[in-house]
Structure formats: C-alpha cells, structure tokens
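> Sequence:
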Amino acid sequence: MSVSPDKRRKMESALEQIKKYTVVVADTGDFNAIEEYKPQDATTNPSLILAAAKMPTYQPLVEQAIKYGIANGGSEEEQVTNAIDKLFVNFGLEILKKVPGRVSTEVDARLSFDKEAMVSRARRLISLYEEAGVSKERILIKLSSTWEGIQAGQELEEKDGIHCNMTLLFSFAQAIACAEARVTLISPFVGRILDWYKENTDSKNYEPHEDPVIEAGCSLCGTSERCLERTRHTFHILYIIVSPLCPAFLKRVDFYKAHRNCPTL
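Under numbering that gives the first Met the number 0, think of the first position of the sequence shown as 0, with each following residue one higher.
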C-alpha cells in the first residue's frame, strides 16, 4: 500500500528533511554518533578529538599515535607533534569508514600566522592519509582564515591539489580573500554573525527567515547553527555542520509539525 506524500513527510524527522536539500556534516569524533545519524561528510576539531580520545573505546587509536610519535624520533616536542598529527589522521580514517564523503582534518591553530608551517603540516597530514591508502580527494584540510592561512590554502590548492576548508572566518573581507584564493570551502560561524548584527544594528530580534546570513544566501558551509528554525531556513546552503548533540535532537523533531505557521520554504 502506498503512503501519501503528506503522510510520508510527517513521518520524516528534521534530520531527514535537511538531508533532502543540503549536505549534512557531522562535527564530532564519536564514531557511534556518525554511524547512527549517517551524515554525508564529517569534520573534527581538537576539542572534540580530545573528548573522544579520553573515552576507553578509542584508546587503541591514542596508543598507536603515541607509538608512531616515538618511533619517528626527534625532540620531545617533535614526537608530540607527530603523535598529534597521527591521532588526528587515525580518527579521520575511522570516520571515513562511516561516511561516504569527505572528512576535514585541522592544521594546528597555533600555526595560523605562519604560512610555510601550515603548508608543511597540511602536506604531512595528507601524506599520512595516503600512506593508509586514502586519496587526498576524500580529505579537506582545515586552515584558519588569517591572511597567512588563506595564502597557504591557495598554495595547497594550486600546487598540490589539496582541498582546503577555511575556518575561523568572521568577516566579509575574509570571505572575499578566500574566494580570490579559490579555496574549496569556507565555514563561517553563522550563529556568531547573527550575534554581530544584534550588537551593531538597531534590530535586536530577527525572525529565522530574516536572518542576515540566511538572506545573503552565499555561505558555502554554515557552522555553529544554534536554532531549530534557523537550521530549517539554511537549506539552501551547500553544507551545514551540526554539533555533536544536534543530530539526536533533529532526529526527534518534524519541522513541518513544529513550525507549520512559519513561512514556507
């Protein structure tokens, strides 16, 4: 027996509805969450990797990274650096077993004002992935959107064919510089952009469909989305990064049922 379109729509969760219009990217190092909510892509950041690394389940990945750092020798600082890179890649490799798309792996933010160091570290991360049999086409290297970071991204894209995801992006000037550098992806923090508008304009309240970021329609990858209804209105963004707790919430909610009085898409 066939199910009517209206009934089928009501049976879908908000997460399923979002997936119809945009690519959902999980921002987590928790493999179980990724397997359960089935995002297209995934991204990691140091704080999430740290949280996951403290879990007993992931201790083998940590131990392997430590052994790698020691085996490659050098000073204690170099061993720690190598171990951290290996740990990030270990998590990335496991995540890639769960998602069909790409994973973003971050270059140490302490290098944000050193172009050459960022380029070198990015190449090393890609090398570690390739040694494990993963093509660079499945990796996005996350770089800070400082001037040096954007220049590093341009060099990596042009000379190495390494795709870059520019983060810590808070201004239109940064976005323009990234576009001119022809990097693959930018990840503005849409929640914080709305905060800026509230602080610096006469309008203190914005309806979800009036959000300045949503009206602009130009973000490639919206991150730090905080509000259910604003998430609904970011369907036109190519990628939406959702925080670790967000997928569980979205899976329980039906946009149409919860917000049937809001403007339609």
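Calculated directly from the structure, the hints in this document are not laboratory data. Please note that the accuracy of each hint is not assured.
What the hints assert, rightly or not - Computed cross-link-like contacts, EDC-like style, restricted to lysine to aspartate or glutamate with a CA-CA straight-line distance of at most 16 Å: (1) Lys135 with Asp113; (2) Lys37 with Glu76; (3) Lys114 with Glu156; (4) Lys135 with Glu115; (5) Lys96 with Asp159; (6) Lys158 with Glu136; (7) Lys158 with Glu93; (8) Lys114 with Asp159; (9) Lys96 with Glu34; (10) Lys97 with Glu35; (11) Lys96 with Glu129; (12) Lys96 with Glu136; (13) Lys135 with Glu157; (14) Lys66 with Glu77; (15) Lys97 with Asp29; (16) Lys114 with Glu157; (17) Lys53 with Asp29; (18) Lys97 with Glu34; (19) Lys135 with Glu147; (20) Lys114 with Glu147; (21) Lys114 with Glu76; (22) Lys96 with Glu154.
What the hints assert, rightly or not - Label-pair restraints from in silico Cβ distances: (23) Ser46 with Ser134: 23 to 29 Å; (24) Asp159 with Ile83: 56 to 62 Å; (25) Asp201 with Glu136: 19 to 25 Å; (26) Phe169 with Ile69: 35 to 41 Å; (27) Glu179 with Pro45: 25 to 31 Å.
Don't be surprised by glycine CBs; every beta carbon is placed ideally from N, CA and C.
> If a hint holds in the structure, say so; if it doesn't, say that too.
Right, here's what the structure says about each hint:
1. Lys135 with Asp113: violated, 23 Å
2. Lys37 with Glu76: Violated. Lys37 to Glu76 sits at ~37 Å, over the 16 Å cutoff.
3. Lys114 with Glu156: Holds, because 14 Å separates the two Cα atoms, which is no more than 16 Å.
4. Lys135 with Glu115: The hint is violated at about 20 Å.
5. Lys96 with Asp159: violated, 25 Å
6. Lys158 with Glu136: holds, 14 Å
7. Lys158 with Glu93: Roughly 28 Å separates the two Cα atoms, so the pair is violated.
8. Lys114 with Asp159: holds, 15 Å
9. Lys96 with Glu34: Given pair Lys96, Glu34 holds - Cα atoms ~9 Å apart, limit 16 Å.
10. Lys97 with Glu35: The hint holds at about 9 Å.
11. Lys96 with Glu129: holds, 15 Å
12. Lys96 with Glu136: holds, 15 Å
13. Lys135 with Glu157: With Cα atoms ~14 Å apart, Lys135 and Glu157 stay inside 16 Å; holds.
14. Lys66 with Glu77: holds, 13 Å
15. Lys97 with Asp29: Holds, because 11 Å separates the two Cα atoms, which is no more than 16 Å.
16. Lys114 with Glu157: Answer holds: Lys114 to Glu157 is near 15 Å, not above 16 Å.
17. Lys53 with Asp29: holds, 11 Å
18. Lys97 with Glu34: holds, 6 Å
19. Lys135 with Glu147: Roughly 22 Å separates the two Cα atoms, so the pair is violated.
20. Lys114 with Glu147: OK: Lys114 and Glu147 at ~5 Å, within 16 Å.
21. Lys114 with Glu76: Violated, at roughly 20 Å.
22. Lys96 with Glu154: violated, 29 Å
23. Ser46 with Ser134: 23 to 29 Å: holds, 28 Å
24. Asp159 with Ile83: 56 to 62 Å: About 21 Å separates the Cβ atoms of Asp159 and Ile83, which means 56 to 62 Å is violated.
25. Asp201 with Glu136: 19 to 25 Å: violated, 47 Å
26. Phe169 with Ile69: 35 to 41 Å: holds, 39 Å
27. Glu179 with Pro45: 25 to 31 Å: Once the Cβ atoms are compared, 28 Å apart, the range 25 to 31 Å for Pro45 and Glu179 holds.
In this structure, the hints that do not hold are numbers 1, 2, 4, 5, 7, 19, 21, 22, 24, 25, in rising order.
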